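A.B. asks: If you read the sequences in order, they're chains A and B.
Last residue of the first sequence: 58 (the numbering used here), numbering continuous.
Last residue of the second sequence: 141 (the numbering used here), numbering continuous.
In short, the hints are calculated from the structure, not lab data.
A hint or two may mislead.
Within a straight-line C-alpha distance of at most 25 Å, the following computed DSS-like cross-link-like pairs (lysine-lysine) qualify [to be verified]: (1) B:K118 <-> A:K58; (2) A:K58 <-> B:K7; (3) A:K44 <-> B:K7; (4) B:K127 <-> A:K44; (5) B:K118 <-> A:K50; (6) B:K75 <-> B:K112; (7) A:K54 <-> B:K112; (8) B:K5 <-> A:K58; (9) B:K9 <-> B:K53; (10) B:K118 <-> A:K44; (11) B:K9 <-> B:K112; (12) B:K112 <-> A:K44; (13) B:K17 <-> B:K85; (14) B:K65 <-> B:K5; (15) B:K112 <-> B:K127; (16) B:K127 <-> A:K54; (17) A:K50 <-> B:K5; (18) B:K5 <-> A:K54; (19) B:K127 <-> B:K17; (20) A:K50 <-> B:K53; (21) B:K53 <-> B:K120.
Because the structure is a prediction, the values reported are computed rather than measured.
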Amino acid sequence: MASDQISADMVEGSEFPFLVTRYNVQGVPHTVINEEHSVVGPQKEIDLVKAVLKAIGK
Amino acid sequence: MGVLKEKDKNKVKELFKDIDHDVTIVMFTQEIECPHCEMTRTMLEEVSGLSEKLSLEVHDFVADKDLAEKYGVDKIPATVLVGEKDYGIRFFGVPAGYEFTVLIEEIREVGKRDPGLKDKVMSELAKVDQPVHLQVLISPT
Numbered sequence: 001m002a003s004d005q006i007s008a009d010m011v012e013g014s015e016f017p018f019l020v021t022r023y024n025v026q027g028v029p030h031t032v033i034n035e036e037h038s039v040v041g042p043q044k045e046i047d048l049v050k051a052v053l054k055a056i057g058k
Numbered sequence: 001m002g003v004l005k006e007k008d009k010n011k012v013k014e015l016f017k018d019i020d021h022d023v024t025i026v027m028f029t030q031e032i033e034c035p036h037c038e039m040t041r042t043m044l045e046e047v048s049g050l051s052e053k054l055s056l057e058v059h060d061f062v063a064d065k066d067l068a069e070k071y072g073v074d075k076i077p078a079t080v081l082v083g084e085k086d087y088g089i090r091f092f093g094v095p096a097g098y099e100f101t102v103l104i105e106e107i108r109e110v111g112k113r114d115p116g117l118k119d120k121v122m123s124e125l126a127k128v129d130q131p132v133h134l135q136v137l138i139s140p141t
């Protein structure tokens, strides 16, 4: 909501097991950034933004 | 049959009191509903009745394929929160347990048009100059 560039899906893993397999989810919350990057565990807001910036090479 | 307890409804009603803008909850299900779809729809019908600022649109994932595509909905049950525009907020699966808290919080943020983030986080977010798709995988608690 705070960025026009970012969309965010909350995905119930137990209902979509194919995504759990696709992203090799072993612990939750598991955040996938643009299909290729991920961060595991609860993130502080600022840390998540930093992970996003890192993922897009900023 | 309802899914929310009376005391939870009252609590949510209280939380929704400071919503001052309209929020449309757009849900995708299908004609023959999956059990999770039915539960999600029932829950959203109850939630949307807790504030006059909220409205619920229920669409068929198959019959309204174009709309589903527009919202980037590729699986159901799907719940999209829309304010004066689509902010890219989606829930896939039943928003129950901890996710229910997140759903209520997100509805409030959209309803107040305020993401509730610190200035420092906002200034870092401003550096994001290309589309980013986040998927947070969680499990029921």
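A.B. asks: Could you run down the list of hints and mark each one as holding or not?
C.D. replies: Do the hints match the structure? See the list:
Of the pairs offered as hints, the one joining K118 of chain B and K58 of chain A holds, with about 20 Å between alpha carbons and a cut-off of 25 Å not exceeded. For the hint pairing K58 of chain A with K7 of chain B, the CA-to-CA distance comes to about 46 Å; that exceeds 25 Å, so the pair is violated. Simply put, K44 of chain A and K7 of chain B have alpha-carbon atoms about 30 Å apart, too far for the 25 Å limit, and the pair is violated. The straight-line distance between the Cα atoms of K127 of chain B and K44 of chain A is roughly 18 Å, inside the 25 Å bound, and the hint therefore holds.
Our distance criterion of 25 Å between C-alpha atoms is met by K118 of chain B and K50 of chain A, whose separation comes to about 14 Å. Of the supplied pair hints, the one linking K75 of chain B and K112 of chain B is violated, its CA atoms being roughly 28 Å apart against a limit of 25 Å. At most 25 Å may separate the alpha-carbon atoms for a hinted pair to count; K54 of chain A and K112 of chain B exceed this at roughly 30 Å. In summary, the hint linking K5 of chain B to K58 of chain A is not supported, as the alpha carbons are separated by about 46 Å, beyond the 25 Å threshold.
With a CA separation close to 16 Å, the supplied pair K9 of chain B and K53 of chain B stays within the 25 Å bound. Under the criterion of a C-alpha separation no larger than 25 Å, the hint pairing K118 of chain B with K44 of chain A is consistent with the structure, at around 11 Å. A C-alpha spacing of about 20 Å is found between K9 of chain B and K112 of chain B, which places the hinted pair at or below 25 Å, so the restraint holds. This hinted pair checks out: K112 of chain B and K44 of chain A have alpha carbons roughly 22 Å apart, not beyond 25 Å.
Our distance criterion of 25 Å between C-alpha atoms is met by K17 of chain B and K85 of chain B, whose separation comes to about 22 Å. Pair hint K65 of chain B plus K5 of chain B does not hold up; C-alpha atoms about 34 Å apart against a cutoff of 25 Å. Between K112 of chain B and K127 of chain B the alpha-carbon distance is near 24 Å, which keeps this suggested pair within the 25 Å criterion. The straight-line distance between the Cα atoms of K127 of chain B and K54 of chain A is roughly 11 Å, inside the 25 Å bound, and the hint therefore holds.
With a C-alpha separation of about 39 Å, the suggested pair K50 of chain A and K5 of chain B falls outside the 25 Å cut-off, and the hint is violated. A hinted pair counts as satisfied when its Cα atoms are at most 25 Å apart, and K5 of chain B with K54 of chain A does not qualify at roughly 43 Å. Distance hint between K127 of chain B and K17 of chain B is unfulfilled; the C-alpha atoms sit about 33 Å from each other, more than 25 Å. For the suggested pair K50 of chain A and K53 of chain B, the alpha carbons sit about 34 Å apart, so the restraint of at most 25 Å is broken.
Annotation: proposed proximity of K53 of chain B to K120 of chain B is violated, straight-line Cα distance about 30 Å (limit 25 Å).
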